[in-house]
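*Asks:* In order, the protein sequences belong to chains S and D.
Using the numbering used here, the first residue of the first sequence is number 1, and each one after it goes up by one.
Using the numbering used here, the first residue of the second sequence is number 1, and each one after it goes up by one.
Do not take every clue at face value.
To be verified - Cβ-to-Cβ under 7 Å is the rule here; a few derived chain D residues that face chain S:
id : residue
1  : Ala136
2  : Gln142
3  : Leu143
4  : Lys153
5  : Ala157
To be verified - Below, simulated SDA-like cross-link-like pairs (lysine to any residue); rule was C-alpha separation at most 20 Å, straight line:
id : chain 1 : residue 1 : chain 2 : residue 2
6  : S       : Lys32     : D       : Ser70
7  : D       : Lys160    : S       : Val121
8  : S       : Lys76     : S       : Glu55
9  : D       : Lys160    : S       : Glu55
10 : S       : Lys124    : D       : Tyr5
Simulated from the structure, these hints should not be mistaken for lab results.
From the three backbone atoms N, C-alpha and C, an ideal C-beta is built for every residue, glycine too.
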Amino acid sequence: MKSLFQRLPRTPLLVALLVIALAITARAQDPKIQLAHLDHLAAKANETVDVNIDERLIQITIKLFDDKDEDEAKIKKLVQGLKGIYVKNFEFDNDNEYSTADVDSIRSQLREPSWTRLLNVTSKREGNVEVYISMSGSQINGLAVISAEPKELTIVNLVGPVDLEKLSKLEGNLGIPDLGVGPAKPKTKNEQ
Amino acid sequence: MNEEYLWDKSGEPDPEIQQLEQILGSLRYQAKPLELPNDVRVSRPNRYLPLLAIAATVLIALLAGILWLSIRNKHVDQPRQALVPSPSVPTPTPGSNNENKEKVVESFTPNRHRETVARNSPRRTRSEPATPSKEALLVKEQLMTALRLASEKLNLAQRKAQGPTPNQIRNQHKVG
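Chain D with its partners taken away, still in its complex shape:
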């Protein structure tokens, strides 16, 4: 067997190989243009599908954002101060001008600039009792007001549902 022929078709061909070549030659690749039958419909991918997917994602993101904002605003926007009648400010009278001024000066004490000096003091391990902030105290006051009103109205409803009190009946007798 001539291996050169098998390698690069040089040298003398082997008759057995030639015979095989002839048999298998019919199956050799033959370049020809692609011919599609006329009845075949080529399905095109919908151009709008990716756009729809993007739009849906944006819509969900927007909805989630709106939902989040509305929940956040619900907590933030609620007024924290009850409309309790404010204490009346004393009107200045000619005679008491100096007194008022003194009071104003007393109440208005500007924060002095404090110099901070670094200290190498040991860190406190014991936690100091936290003083409640003004806001928290105000909320507590509001809460008490709300509970007072709730309790008062609940009792009022209960009393009205139960009917007139003995005192009222007695008074009605007196009038009658």
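Just chain S, same shape as in the assembly:
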């Protein structure tokens, strides 16, 4: 029978392997997608928006929203559960400045079982829009939007519980300009 001392060296190795396996599993289930490899497009783009806000920064920013203001309170409620907001937006002067490989590199990350494609709109002229959600049980814990237009590429990744309805209604509120791309709003009497 082997002594305890003879068994001891194996135990830390097993623990180490267990830790590594857990870390890999946790990473695989993380609804945060890697966007760093798209940074090279910034050199070609006419205009770039790169937003990286982690949970810590969200918690700092939340304090700036005024609860008395209805719109700010709405945004605060939407944002406070989030663990990360990551956006990359590139606007180009010409068509086809980005490659399909750039978009595929994002799509490949969204093929994991935790992600579900909610919407896929394909248009040769206007480009493609894909909406993905990551589910944890019955709750959405991640959102990814790929909008690949001829002169614009946008990747949105929200990590954490997302209320899609509230998010889609944000456009036009609190200095967020309504670009008229949302569902048609009922006309007022004056407009009619």
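Since the structure of chain S is provided, determine the placement of chain D on it from the hints.
*Replies:* For chain D alone, kept in the frame of chain S given last:
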């Protein structure tokens, strides 16, 4: 019974004691070298086991360190500033040189050295409303930009999925 004999073997021995000594004498300790049978294998402790234990501990410490560093860097390395087009700097023109200089002087006001004087003032109990830092305001702006884009693209997808709007259909009629 002669107790001296029992103590240090001096004096006359007691016959009963002598008899007992004879009987038990055969069991007396006899020094002789240790003889091991040839078929006995002496198991030596593995010399590398302590080294392996140390190596495994170091490995775990390294892995834990790498894991900690990667998690920490993940939070620290993320850029906090959005690449928003920067406001254009006015180029100086010959006629407006003085004006520009005045503006520059106005905008650049060096911090004056303040002398600190000790005051015996009572401590304020009421907390003043904290003014948001420039960084926090910038992050808020970024957050709004991100939400605008997210909302815009979500609505775009929704609109495309629902099909063309009535206006578009009307325009198609006109063209057709």
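*Asks:* Each of the hints needs a verdict: does it hold here or not?
*Replies:* Each hint, compared with the structure:
{"no.": "1", "hint": "Ala136", "result": "holds, 6 Å"}
{"no.": "2", "hint": "Gln142", "result": "holds, 5 Å"}
{"no.": "3", "hint": "Leu143", "result": "holds, 5 Å"}
{"no.": "4", "hint": "Lys153", "result": "holds, 5 Å"}
{"no.": "5", "hint": "Ala157", "result": "holds, 4 Å"}
{"no.": "6", "hint": "S:Lys32 x D:Ser70", "result": "holds, 15 Å"}
{"no.": "7", "hint": "D:Lys160 x S:Val121", "result": "holds, 7 Å"}
{"no.": "8", "hint": "S:Lys76 x S:Glu55", "result": "holds, 13 Å"}
{"no.": "9", "hint": "D:Lys160 x S:Glu55", "result": "violated, 32 Å"}
{"no.": "10", "hint": "S:Lys124 x D:Tyr5", "result": "violated, 121 Å"}
In this structure, the earlier hints numbered 9, 10 are contradicted, and the remaining ones agree with it.
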